[in-house]
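Chemist: Sequences listed follow chains A and B, in order. First residue of the first sequence: 1, per my numbering; consecutive thereafter. First residue of the second sequence: 1, per my numbering; consecutive thereafter.
It is possible that part of the hints are untrue.
To be verified - To give a feel for the contact side, a few chain A residues facing chain B, derived at Cβ under 8 Å:
1) G61
2) N71
3) E73
4) Q193
5) K243
Unchecked claim - For lysine-lysine, the following DSS-like pairs were computed, each having C-alpha atoms within a straight-line distance of at most 25 Å:
6) A:K92 with B:K411
7) B:K532 with A:K201
8) A:K11 with B:K411
Claimed, not checked - Using C-beta positions, here's what the derived DEER-type ranges look like:
9) B:K665 with A:N238: 35 to 41 Å
10) A:T15 with B:N547: 26 to 32 Å
11) B:K389 with A:E232: 56 to 62 Å
Just so you know, the hints here were simulated from the structure itself, not pulled from any lab data. Please read all numbers here as calculations on a predicted model, not as lab measurements. We treat Cβ as the ideally placed atom computed from N, Cα and C, and that holds for glycine.
Next come the chains, spelled out residue by residue.
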Amino acid sequence: MNLTLKIWRQKDASTKGKMVDYKVTEISEHMSFLEMMDVLNEQLVNSGEEPVAFDHDCREGICGMCSMYINGEAHGPDRGVTTCQLHMRMFKDGDTITIEPWRAAAFPVIKDLAVDRSAFDRIQHAGGYISVNTSGNTQDANAIPIKKEAADTAMDAATCIGCGACVATCKNSSAMLFVGAKVSQYALLPQGQVEAADRVKNMVAQMDLEGFGNCTNTGACEVECPKGISLENIARMNRELMKASV
Amino acid sequence: MALDSKVPKGPIKDKWTEYKNHINLVNPANKRHIDVIVVGTGLAGGSASATLAELGYNVKAFAYQDSPRRAHSIAAQGGINAAKNYQGDGDSTYRLFYDTVKGGDYRSREANVYRLAEVSANIIDQCVAQGVPFARDYGGLLDNRSFGGVLVSRTFYAKGQTGQQLLLGAYSAMNRQIARGKIEMFNRHEMLDVVIVDGKARGIIARNLVTGEIERHSAHAVVIASGGYGNVYFLSTNAMGSNVTAGWKVHKKGAYFANPCYTQIHPTCIPRSGDYQSKLTLMSESLRNDGRIWVPKNLEDVKLIREGKKKPTELSEDERDYYLERRYPAFGNLVPRDVASRAAKERCDAGYGVNATGEAVYLDFASSFVRYGTEQAKVQGIKNPTDAKIKELGQEIVKAKYGNLFQMYEKIVDENPYETPMMIYPAVHYTMGGVWVDYNLMTTIPGCYAIGEANFSDHGANRLGASALMQGLADGYFVLPYTIGDYLADDIRTGKISTETPEFEAAEKEVRERIEFFVNNKGMHSVDYYHKKLGKIMWDKCGMSRNAEGLKTAIQEISDLRKDFWQNVNVPGTDTEFNEQLAKAGRVADFLELGELFAKDALEREESAGGHFREEHQTEEGEAKRLKEFQFVSAWEYKGEPKDAVLHKEPLEYENIEVKERSYK
């Protein structure tokens with residue numbers, strides 16, 4: 001298929017960016033979206049132009065590096081996938097595709113489609129861990145039985161890949177789905193409950209400091225999340241915060 | 001220089017304990033004055049950074065990704081082995097040790113493997129304490145599954161995302177230390193050289209991938225934890241950025257590179273679909289617990305299936321060839337990876353491949369649906385269930401176990417694997433070879449260590465499933481933190497290492513010159529053009545089976561390609577900005593050297609062992625034929641061009657395991 005791409009080009013964080021049109025031809029429906037971008041970049045390099053910068057690494061939907069806002073949706077039109085898992089069969093010959101970076105004040109653009117998500121790391125530094133030394137002298141792994149439902153729900157929350165689609169898609173640029181998932185994982189496990197109160201307070205404080213917006217229960221984050229992280233995690237985080245604050 | 005593995009004396013089961021009892025320690029107050037650089041933040045680098053920082057060292061950690069959490073360990077799916085014997089099925093430290101040495105085709109170092117098996121149980125305890133949500137049974141205890149090449153269930157897992165959960169555990173341990181200021185994290189940074197001062201590794205030259213700035217970083221020791229070099233094949237299951245550069249730079253500065261030809265070609269990956277393909281996707285080995293691998297028995301059926309005139313589900317049981325069950329009745333679909341991959345290639349080469357390219361076999365879950373469904377119907381008290389009901393119940397169980405893998409397959413291939421069997425084919429996945437290290441995990445450069453997939457030590461010629469995560473975390477959490485202390489005990493009076501020295505100056509100059517060459521060359525071919533050509537040579541001539549003639553051709557072709565690269569490569573943009581092509585050019589330049597050494601190593605190893613299969617050396621049944629005279633580690637010393645590399649041999653002795661023909665029949 002032949003496509004027109006409208007892509008956000010921005011030299012660096014301090015330079016003003018703009019949308020630029022490109023054409024790609026003979027794109028196979030079996031290609032992944034990023035393979036289509038590879039074709040474009042190879043074309044640009046061979047014609048002496050600068051390729052489009054974008055973040056990507058594992059290309060199997062787990063590292064959370066890729067981050068494109070395609071036709072107004074985080075990770076594009078498919079559900080339950082990252083940009084690297086999106087396939088061209090979702091598009092038709094002759095389509096015009098608009099490609100932008102994540103848009104959020106807390107995620108400044110580095111170049112073109114690559115943004116700086118270090119705010120997520122700083123929220124984790126504030127409390128995204130259990131204070132246990134890696135001495136190897138902890139108790140036996142089976143010493144504390146954990147209810148299967150609790151372990152499974154913790155796993156569902158822990159599945160978050162930290163890509164930032166939730167922030168990009170939220171009209172308030174809220175990071176509450178991301179933070180809620182991390183808070184939930186630990187709050188659901190006995191190992192994490194010891195520090196639960198401090199953890200939720202510190203992580204939420206850092207989240208606010210980074211300039212993420214608040215949650216107004218629109219639910220767009222849950223819809224666009226490639227890993228299906230549930231809104232219940234936000235509710236759980238709010239309950240944990242309430243418990244910690246009274 | 002003669003190789004000294006520094007394996008402690010004494011009975012194998014006491015070696016590690018005795019070693020720890022007698023090494024030098026660094027007083028906590030002195031650790032504050034010692035700096036350690038860790039390159040890479042996957043399971044090995046992340047766990048090492050966290051532990052070293054907890055102990056009190058000042059750690060500087062480097063990752064080329066935008067966060068340590070994105071290192072490619074995250075993509076490991078199936079699980080992590082540990083000799084916990086929670087299932088009471090006869091597992092023990094010795095058995096894990098035995099399976100790993102046998103699985104590695106008797107080409108790994110006994111003492112290292114035993115230590116790995118010994119600390120494996122601690123890893124699980126540690127991860128649970130960190131909040132890693134491993135799968136549990138209804139009684140609340142940890143669940144296990146089986147992997148290839150073993151007869152027990154010792155694999156712990158978190159759905160099909162075990163690597164992700166373990167890496168997030170190590171990342172959380174790092175976060176705690178970053179918050180305390182004990183780890184200084186350098187994201188989007190790439191190590192471009194190691195700096196040697198007075199014969200010791202004392203720092204690195206790194207490039208900030210966002211600004212292009214070249215930086216000097218000093219330390220009392222340098223740890224390479226940068227993973228494997230599977231991307232030398234262009235197409236592999238590795239991440240796009242995975243590279244050999246850190247390992248190759250230390251090799252060029254004096255670290256021997258061991259067994260480069262030992263590569264793992266993983267049997268269950270999604271087949272390639274076209275020339276545009278940028279990477280291959282693995283389907284976890286855990287699927288072989290419940291999936292059965294087959295091709296049609298008759299070539300007529302193959303033809304009809306390829307033409308779309310017949311569906312695989314239409315073939316009756318006796319029209320199918322479950323070739324692994326046929327050839328290896330004892331292990332069946334759970335034979336080790338090298339054996340399963342070669343068997344798939346054998347069937348496809350004979351014309352039985354089931355897709356248009358002729359390079360695919362089926363992985364079928366239909367009989368698991370029936371088995372689990374029948375059991376569930378009993379559990380739920382459903383009398384005389386219909387076939388449809390049984391299938392539905394069975395699918396629910398399979399979905400709970402492998403749901404994300406089935407979803408991944410469907411998204412890529414656009415076929416529903418619950419209704420039609422998956423198609424799979426082997427792909428490059430892991431490299432057992434790597435930087436040579438002694439028992440302390442130190443390379444032949446004093447003060448330079450290599451851990452995880454970056455080193456060569458534990459998996460011999462073939463790695464068993466769920467052992468990569470085990471080795472990464474064992475090295476980082478429990479081995480290196482002890483062994484490095486023994487070395488650093490001599491550095492308590494050294495003080496801060498200055499970066500304003502001729503050694504740093506010279507290393508930085510070399511790095512700058514190379515980068516300037518790339519951005520100014522403006523040749524006619526892109527970096528990917530060369531990477532793809534190299535990948536094709538590697539896959540065709542150094543892939544699942546190799547022969548002398550092919551390897552000799554490969555050496556010449558890679559050497560020619562490298563010359564062409566240095567004349568005609570085209571890198572757009574400048575060196576003072578975010579420039580992915582520039583970063584990639586440096587990585588491909590190193591692959592072009594490694595690739596040739598790889599072929600040379602494969603040529604000189606005139607036997608078949610594990611992932612290294614030489615066509616000239618096979619049994620009548622087509623199995624790998626090992627030779628006693630090759631029972632050694634090939635450690636290569638850099639001497640300029642790869643063709644001039646000098647071979648050093650570390651003999652391998654087996655005192656605790658009888659070296660036998662490796663049979664899974």
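Chemist: Now tell me if each hint is right for this structure.
Modeler: Hints, verified against the model:
Among the interface hints, the one on G61 of chain A holds; its C-beta lies about 7 Å from the nearest C-beta in chain B, closer than the 8 Å criterion. Below 8 Å, beta-carbon pairs count as interface contacts, and N71 of chain A has none with chain B, the closest being about 18 Å; its hint is therefore violated. For E73 of chain A, the interface hint is violated, the least distance from its beta-carbon to any beta-carbon of chain B being 16 Å, above 8 Å. The closest approach between the C-beta of Q193 of chain A and any C-beta of chain B is roughly 10 Å, which is over the 8 Å cut-off, so the hint fails.
Against a cut-off of 8 Å between C-beta atoms, the interface hint on K243 of chain A is violated, since the closest Cβ of chain B lies about 19 Å away. The suggested pairing of K92 of chain A with K411 of chain B holds, with an alpha-carbon distance near 17 Å, which does not exceed 25 Å. Under the criterion of a C-alpha separation no larger than 25 Å, the hint pairing K532 of chain B with K201 of chain A is inconsistent with the structure, at around 50 Å. Between K11 of chain A and K411 of chain B the alpha-carbon distance is near 33 Å, which puts this suggested pair outside the 25 Å criterion.
Between K665 of chain B and N238 of chain A the beta carbon distance is about 59 Å. The supplied range of 35 to 41 Å is therefore violated. Separation of T15 of chain A from N547 of chain B is about 55 Å and departs from the stated range, judged on CB atoms against 26 to 32 Å. A C-beta distance of roughly 31 Å is found between K389 of chain B and E232 of chain A, which places it outside the suggested range of 56 to 62 Å.
Checked against the numbered hints above, the structure breaks hints 2, 3, 4, 5, 7, 8, 9, 10 and 11 and satisfies the rest.
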